[in-house]
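K.L.:
Listed below, chain by chain, are the residues.
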Amino acid sequence: MSIAAPEPKANMGQPVPRYDAVAKVTGMAKYAADMPLANPAYAYLVTSAIAKGRIDSFELTEARNIRGVIDIVTHENAEKLKDVKLFSEGGYMSTTVQPLKSADVAHDGQIIAVVLADTFEAGREAAHRVKVNYRPATPSTTFDSPGTTSGPAKGQASRFKEDPKVGDFAKAFDEAEVKITASYETPTQHHNPMELFATSCVWTGDNLTIYEPSQYVYGLKNGVAAQLGIDADKVRVINYYVGGAFGSKGSTTPRTAIMASLARRLNRPVKLVPTRDQGFTIATYRAETRHQIQIGANRDGKLVALRHEGAEVSSRPDAYVVGGTKTTTRLYACPNVDSLVSIVHADRNTPGFMRSPPEVPYLFALESAMDELAVKLNMDPIELRRVNDTMKEPIGGKPYTSRSLMACFDEGARAFGWSQRSAAPKSMTDGDWLVGYGCATTCYPTQMAPAAARVRLQRDGRVRVEIAGHEIGNGAYTVIGQAAAEKLGVPFENVSVHIGDSDLPPAPVAGGSNSTASTCSAVMMVCDQIRQRLFRALMPNESVIDKAKETVGMGQTPVAESANSGRPLDREKAFDALGVSVVEEYGEWKPEDAPKDSFRAMQQGQVRIVGGSAMSDKIAYAFGAEFVEVRIDKWTHEIRIPRLVGAFAAGHIMNPRTARSQLMGGLIWGMSSALLEATELDPRYGRYVNDNLADYLLPVNADVQDVEVIMLSEQDDHINPAGVKGLGELANVGTNAAVCNAIFHATGQRIRKLPVRLENLEV
Amino acid sequence: MRSFTYQRVTDPSAAIQALAMAVANNNPPTEATAQPLAGGTTLIDLMKLDVMRPRTVVDINPLASTWSAINLDGGNLRLGALARMSDVAANPEIQRNYPVIADSLRLAASPQLRNMATLGGNVLQRTRCTYFRDISYANCNKRDPGSGCAALDGFNRMHAVLGTSEQCIATYPGDFAQALIALDATVEITGKSGVRNIPFAQLHKPPDDSPQIETTLAPGELISAFTVSGRWPRSVYLKARDRQSYEFALSSAAVALDVQDGVISDARVALGGLATVPWRAREAEALIKGQKFDEALAQRVADAALAGAQGRRHNAFKIALGKRVVARALHQAATMEI
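Chains as they are written, first to last, in my numbering: chain A, 1 to 763; chain B, 1 to 338.
None of these hints come from the bench; they were simulated from the model. The reader is advised that the hints may include incorrect statements.
[Unchecked claim] Cut-off 25 Å, straight-line C-alpha distance, at most; resulting in silico cross-link-like pairs (SDA-like, lysine to any residue):
no.	chain 1	residue 1	chain 2	residue 2
1	A	Lys234	A	Gly205
2	A	Lys634	B	Ala320
3	A	Lys131	B	Phe4
4	A	Lys634	B	Asp303
5	A	Lys426	A	Val375
6	A	Lys634	B	Gln299
[As the list claims (entries may be wrong)] Computed spacing ranges between beta-carbons, pair by pair:
no.	chain 1	residue 1	chain 2	residue 2	range
7	A	Gly90	B	Glu166	47 to 55 Å
8	B	Lys292	A	Val763	24 to 32 Å
9	B	Ile338	A	Pro17	47 to 55 Å
10	A	Asp56	B	Arg300	52 to 60 Å
11	B	Arg300	A	Pro152	53 to 61 Å
12	B	Arg282	A	Thr429	31 to 39 Å
13	A	Asp56	B	Arg2	20 to 28 Å
14	A	Thr429	B	Ala316	22 to 30 Å
15	B	Glu166	A	Ser57	28 to 36 Å
[Claimed, not checked] Stretch-level coverage of chain B by chain A, calculated; a stretch enters the list once three of its residues show a Cβ under 8 Å from a Cβ in chain A:
no.	region
16	150 to 160
17	241 to 251
18	325 to 333
Treat the numbers as computed from the prediction; the structure is a model and nothing was measured. All residues carry an ideal CB built from backbone N, CA and C; glycine is no exception.
Given the sequences, and given the hints that come with them, work out the whole structure.
P.N.:
Printed below as a string of structure tokens:
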């Protein structure tokens, strides 16, 4: 055991090393753009230099004359692909803006032409020589820009079903002893996964293979098929590894079907590796948000009234919304709650999910306001959370399946040394540094979705698991392999895991932290089916087994007690009794509360995620408490974070090693989000300015000093068979607020707009 | 990036000849059709972005055998232009006698870049103005003279507050140059008609009405060395930035003092991250000489150093920041143990 591989506590799996560790560190792991292709043509994108207007004409002669150029495709000669709905409106797409369809430009960096060439270099040179004559119009860029339209999310975004409210907020707030009203802002941010948005398309007859980093191979397969107007069974998506995604690779972007269309037209594989700056506009992003929080409380800290109003930016045609009030209105006990989320439509590309939607922007507002309330009450911020802790969410009165928030605060506070904090702002210094301690709650809904798996067990104990899951750095290979190994009683090394291929049984999108819970629950269920067959061979007369219904392949499979109980199995004897060498099972698992069409939708690449606050009789979240030490140079006002401590409870931890890594990455991203990350817009042009990794700042090693992750033991039997809450998106939720709360403690200055930069501090 | 001819030269005269071949027109050196390649950390970037479009790239790395020496003979310093940033930063003699030089190099870029980048290329590093580096923005007088300046009223947080003009506010991004200008370094330039020497302060040109002309180098000339007279053990380079490493200065200061019996007999103050060119604050220096150091003096010097600064929408904070950085650097230099 080591720091990287923590000793498992109760209800935690073994910290086995990553299944794909050696492949990754030796460079043997093949990412999409590494897949060998026979004689590919290279595509290079030309993207718009205006955010709104029309293309009058292209001047292509110079570009066409570059040696190696095959063709240049624009709206004038591109195949017209079929319109497909936004993923959140029953379709697949990240945007309904269809590039290369008309002369219209709807956003900055829209794909307006594709150069096809024999080499990447020729394509790039020709792209730089393409001249475009635009007829620009004035774009409406963001909040407050003239020409935007806005309205409530409810009614225009079908995913957004409610503005949660209960009691009489106005009256309670009016009568409250202590009140806070404050506004907060979060910036535009881009995921910037290390792996670019590469796509290769290869046709074999009328079968299409796509190599593309995707968080949802079934979604991409079906989305591209719908755009091309072909049978989804003819499309296969392969990505054995995804080099980071963070939400940006979850829905189908327009580029993929364009590449498929061009490959069909050329009758030759087409390979696209877009540039870093193109990644800012051909995929999604986290749009800027605004919030107003009103809290009314009694002098003892008990909340009596809470209102959260959020506003978000989306594109003109699409009503994309993250809408985090479903979480912020339910986090603390409060009898009178109100909320409203609205969408502002601007001339922008359509935003999308970004780790961790929607809690990151919404909890920044609430957890900052809670800290402001604690200051106003002259109360320790941890005690304020304790006073308002609840096992029952206030909107519908549903019980939390488990909630270890205060245990996380207590463990985290101990590890961090919270008791050393002197409460008054600006009261702690160290030489030239102002020192501040801050904390915040973090949480993320426990979500699950239907998944299918095929598992094969050999007499010699070797196991093959097949499920179209996604290795996005989350440790999917590893935890899926562990789930099978534990269920079937074989060493982890015996399991081969096959994921990242849409020809395998469907798994849901690797998003919303549902992946481990869903895929492991499915794999465990199918392993139980195998155990059941083996037990039946060994004990044909045992009555408990006869009670189990045979529903393999028909849906959720009830499994007999004896097969389910973890009872050891004499595998070789069972195989001999069966008289076979291999047992293979396929099964489809769905969570409680999943809608009736779940399995059909699953096959069609339409995920039916359930959980969080949306369950009928309960509510399930993972929780954590985060602590930040901030240091501010008195002279330069430079802000540094020497220490981050997070304590988390997320049900069954499949693997403390991969879990720690995820949580640590989340804390680091949270710090980055608080201090560094913002995509700057030039409002005159509606364009991104710092669309590269030199100017869109991320932390470097020197910025990340001491990061401590504590995992609490927690057992929850009310969520899914794996008992897993999911934690990929848990850790970076509360960090923004914890950093700002620490900055307040260090300086006495409350920063309500992210990111916090040295010029925002007056000190 | 456009296709180009790669030419490798093994002696200085061949380099000068190869570069001079392409300078028939009157383009400034940055627009010449032949460009020298040393570490490549700026040139290759800008070629990939299609900002620089040389037809010939002349690889001068083989000249390192004669042009990369680090020499501290007779109390003076001579640095070959092809010395790597990392080698100079790691040199114990330079760390002891010229901490401002060692630190300006050490605090620049990342280890990987410092291992590649040369001193000559470093001082000629071009601005990081995003409107300059992204050719999809039409208005950039530096890239396309007469087209305007998108940064004036654009997102200009990183831009200059000193030495600006209505044509250009792009910041000179380097660190090492501030040390050189502070120490009154000399630049040795090798060209067609031999070697000439100029004060480092005369190397860069402020944008004025022609921001496309960045230096006084003639087309085809190469920097071959830098020299500094005397030793400056009481010197510091202080750099304020958004992250702890691998980031350009929001504001930096190179300060060198000569203190005799508690009285400052000589003082040098240069500013980075604030100006369109390497920036020497001579008026500020004049306030120090003959004085004893105290914090009030530091404050007056800092105010004088930024006296002419002009902020714009997103970079106005740099004026106050610059003052604090200068005051802090003075304090560090005055109180350092040597």
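K.L.:
Out of the numbered hints, which ones does the structure contradict?
P.N.:
none
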